[in-house]
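*Asks:* Chains as they are written, first to last, in my numbering: chain A, 182 to 1026; chain B, 2 to 148.
Take the hints with a grain of salt, since some may be wrong.
[To be verified] BS3-like, lysine-lysine: derived pairs with alpha carbons at most 25 Å apart:
{"#": "1", "chain 1": "B", "residue 1": "K82", "chain 2": "A", "residue 2": "K265"}
{"#": "2", "chain 1": "B", "residue 1": "K73", "chain 2": "A", "residue 2": "K268"}
{"#": "3", "chain 1": "B", "residue 1": "K50", "chain 2": "A", "residue 2": "K265"}
{"#": "4", "chain 1": "B", "residue 1": "K65", "chain 2": "B", "residue 2": "K45"}
{"#": "5", "chain 1": "A", "residue 1": "K265", "chain 2": "B", "residue 2": "K65"}
{"#": "6", "chain 1": "A", "residue 1": "K634", "chain 2": "A", "residue 2": "K693"}
{"#": "7", "chain 1": "B", "residue 1": "K14", "chain 2": "B", "residue 2": "K73"}
{"#": "8", "chain 1": "A", "residue 1": "K634", "chain 2": "A", "residue 2": "K645"}
{"#": "9", "chain 1": "A", "residue 1": "K282", "chain 2": "A", "residue 2": "K265"}
{"#": "10", "chain 1": "A", "residue 1": "K352", "chain 2": "A", "residue 2": "K298"}
{"#": "11", "chain 1": "A", "residue 1": "K808", "chain 2": "A", "residue 2": "K786"}
{"#": "12", "chain 1": "B", "residue 1": "K50", "chain 2": "B", "residue 2": "K14"}
No wet-lab data here; the hints were simulated from the structure. Small disclaimer: the values here were computed from a predicted structure and weren't measured.
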Amino acid sequence: MARKSNRMSKKKPARAAAHSSSTNGTKTAAAKWVGQPIRRKEESRLVRGRGIFVDDEKMPGMLHIRFIRSSYAHAQISRVDVSKAEKFPGVVCTLTGAEIKKQVQPFIEIGPGGAQKIADYPMAVDKVVFQGEPVAAVVAETRLAAEDAGELVEVDYEPLPAVVSAEDALKDESLLHPAMGTNRNWHGVFEYGDVEKAFKQAAHVVHIGRLHFHRFSSTPLECNVIMANWDPRSGDIEYHCNNTFPSFASQFLAPALGVRIDQIHMKSFDIGGGFGIKITSYPYMAVCALASRKAGGRGVKWVETRIEHMQASAHGNERVFLDTRVALDQNGVILAIDSKHVDDCGGFPRYEPLGCVIWAQVLPATYRLKNIRIDMHQVVTNKCPVGPNRGYSRMQHLWFMERVIDICGQALGIPADAMRVRNYIRKNEMPYKTPNGCVYDSGDYASMLEAAKRLIGWDGWKKKQAAARSERRWVGLGIGSTLDSGTNNFGQARIINPDAPFSGQSKVGIVKLDIYGEVVVSMGSVPQGQGHETAAAQVVADALGITPDLVNVRPGFDTAHNAYTGHTGTYASQFAVTGLTAIHGAAMKLRKELSRLAAWKLEAKEKDLEFGIGAQGPEVRAKGTQKAINYWALANLVNVNNAGMPKSLWDITLNCRHVFHANFEIPDVQRKYGNLTLTYAAQIHAAVVEVDRETFQPKILAYACVDDCGKAVNPRIVEGQVHGASAHGIGAALLENCAYDSDGNLLTATFSDYTPITAMNMPELLYAHMESPSPFTLNGAKGMGEGGAAPVHTICAALQDALYPSGVIIDDSHNTGDSLFHALRKAESGGYAAMVRVEHRTASR
Amino acid sequence: MEIKLAGEFTVQKTPEEVYGFLVDPKRFCPLLPDFESMEVVDPKNFLVKLSVGISHIRGTAAVKMTLVDEEKPRQAAYEGKGEVPGGSATIRARFQLEELPGGQTKVKWSGQSSVLGRVISLAGGLLEPLGKKNVQKLIDGLQQALA
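Turn these sequences into a full structure, and let the hints steer you where they fit.
*Replies:* This is the structure in structure tokens:
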């Protein structure tokens, strides 16, 4: 595996010139650290094995819990007998769903109407709705005792018909949650412009049958880990865990467990990846707390195994796109799209049905589409519940839009690159308001495409493709355009449920000068490997005129730091905007307090002060004089040595908290209209893929990605994130699939079958970065890192290009040698004839 | 994962004799592959313990068997449900008897087995051939016992 990078920016990437010397021999730092590709502060401890993960921690008298899980995807529970397990040496207690039901309230449901009748308990009570759902738990002195005793728990089931496809779920023949009365937990129509008028005016109408975005997940190195202690004295619950959206978890846990939110203390350390799917670990957090309470307040630890993680943590959303109609003008410009989408959220909605609106952040994708009608449904099925997996909900829609572009382009004989350029939103149209009221802040998609083509050598590959085809080789070129919308407006939840009590977006940052003058930052984020400590240090260094190594950023998240709001967590590509703006705000407040203090002590005016690094470290000095005071002395004045300080300075704490608020309005719920997110990073990828004629195995011959996330706070981190997101997407496109059989058995619950991507099957990535600064954010940065599953779009496009002459339409996001073999057989028998139908009303150009 | 198998064989016994064998769990159940023990609950319900697994990875499966359908001497059917290591299994077996000249009986049999749970993920590829092998062992044993 290798990568080549190519920064399109003309700015020097070096970290030099961060300081200039002043006349008195001290250094004055200019605003230079943001934008520099400095090495991550976190790397030192992580590469030396000194990271602290939850499983490295122990509580005194700690116990271990094991879950007993359902083999059935759908069944009534007729009996649970834990008596033998309770007699096993070392077992302290057991828990069953029936027992838990008496102690907790069901988790709140976000969806309206019938969805409110779903009873989602931390463990199955009288029926199971997905394979792997916990039905009982054993708590023991050791993990081995819990494992062995778990084998003695007896559970009897009465199997029920399993519902494993979205289309079958819509039939309502077997209901997962009978109280809801249907399997469809959300439905809404998103309609903008004049769709029917556009179809009447169209030169061509393309009808597309069923498209399917498959179910895949993330494979973080560290699975879910929870350590819980419910203190019988205070009634407080202490969690050490790797949940990545603690505010969301607390809001679900507190009413379920009957405690106040401020009684729930959460702490994370280093986290070995998350990608969104650890957000919904709260049912397990509830059980661990209940187990701790039952065990008399002893700590309880749960370390999820890989099979448990694959089977019963969270998967990404699966979606089908049905009966799509596309209206185009004679140049291939898309005038309107009309389609029915059915999202499959698995056994319980949990974070859903938010995905039914999140996709609308990128409603027209990168295109100028004005008229669109999406009939959106979400159903429950007997599969693992979904979680907001990287690229959450937008990637499914973006894949659909890219498939539409390629299928229409092929049908009309318009090359893939030309089809995109004709439809892309132009640079001079930015900021661009979408038909549903979102505002794309900046971007130049056509230039990014040109850059991607140059990077991969598009024209050269076209010639090679022609030569390959003459040798009967299946070689295809593909483009994938994607958006990474970041900093979401929770007000969009009102479109899902008008009674949802949340909106906007906020984050907290705390920057303080400690007693001995250290700069200490507490973040309101839950980093999982994104380099937040480094980026935060860069921002604070610039604000205070010091260097990042002098900024001490606390690792992880801790409610004790009080750096949180109800939106706190790491999700939806936003730290560069929300987290860093909060930290910047706090740093500027601290700077102001330091100025006031220094002005008093140095008998100078604030406007005559400058910040920098002196012989004794960070200091504030009076310009043009020898007078200076260092941070230790300033902190000392406030914290230890404050007699004589004038009353006018008594409000100074040197402990500055700032809350970032995004400038959002609550959307118009009736029209489903409003600004749903703040920034739009973009990626354009290009790939060359060959399908082996003997084995049908697809192989990437060349791959290029061009990224634009506005101002890159740390280009090294950005490149790493693009690389990681590309690996995730390539794995999803060609390898990774949560495949279920008709009984609801997960067939890919181990890495042997799921086959996550590794360094061995990663192609060389050609990489370039462009910068279109956001006009809406500090420094012009945009959130990024999710990546929008660009490789899934790109590889499907390339496979389509390779196999279209053989009659194949790529209608699934997951393609393997086996599926391509069947696709070619299907094409030979004319199976795709009804899949795509084109009405030509006038000739295309 | 569902495994379905069917077949037929002829034995030199009358339908009454074959039927009597099939509905007697004490005689029928020991023919089940990897049979360990049996406990009769009542004439129609019994608990069978089987040693199941692949190679050296083995465990005990407790299967509740029920005689669900009997029509003397034309047919008998069993249903079983049990926990196997790493999953659950349901079994259905049906025998239809047809009298042939010369005191012979044609036994038409069909078997259906559904296996659920993580065992499918761990050993799904092995279960189908193993299941077929075990059903063939049962039928071979039955033919031998009735011979």
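*Asks:* Give a verdict on every hint.
*Replies:* Going through the hints against the structure:
| no. | hint | verdict |
| --- | --- | --- |
| 1 | B/K82 x A/K265 | holds, 21 Å |
| 2 | B/K73 x A/K268 | violated, 46 Å |
| 3 | B/K50 x A/K265 | holds, 18 Å |
| 4 | B/K65 x B/K45 | holds, 11 Å |
| 5 | A/K265 x B/K65 | holds, 19 Å |
| 6 | A/K634 x A/K693 | violated, 48 Å |
| 7 | B/K14 x B/K73 | holds, 15 Å |
| 8 | A/K634 x A/K645 | holds, 15 Å |
| 9 | A/K282 x A/K265 | holds, 22 Å |
| 10 | A/K352 x A/K298 | holds, 19 Å |
| 11 | A/K808 x A/K786 | holds, 12 Å |
| 12 | B/K50 x B/K14 | violated, 29 Å |
Going down the numbered hints, you'll see the structure goes against 2, 6, 12, while the others check out.
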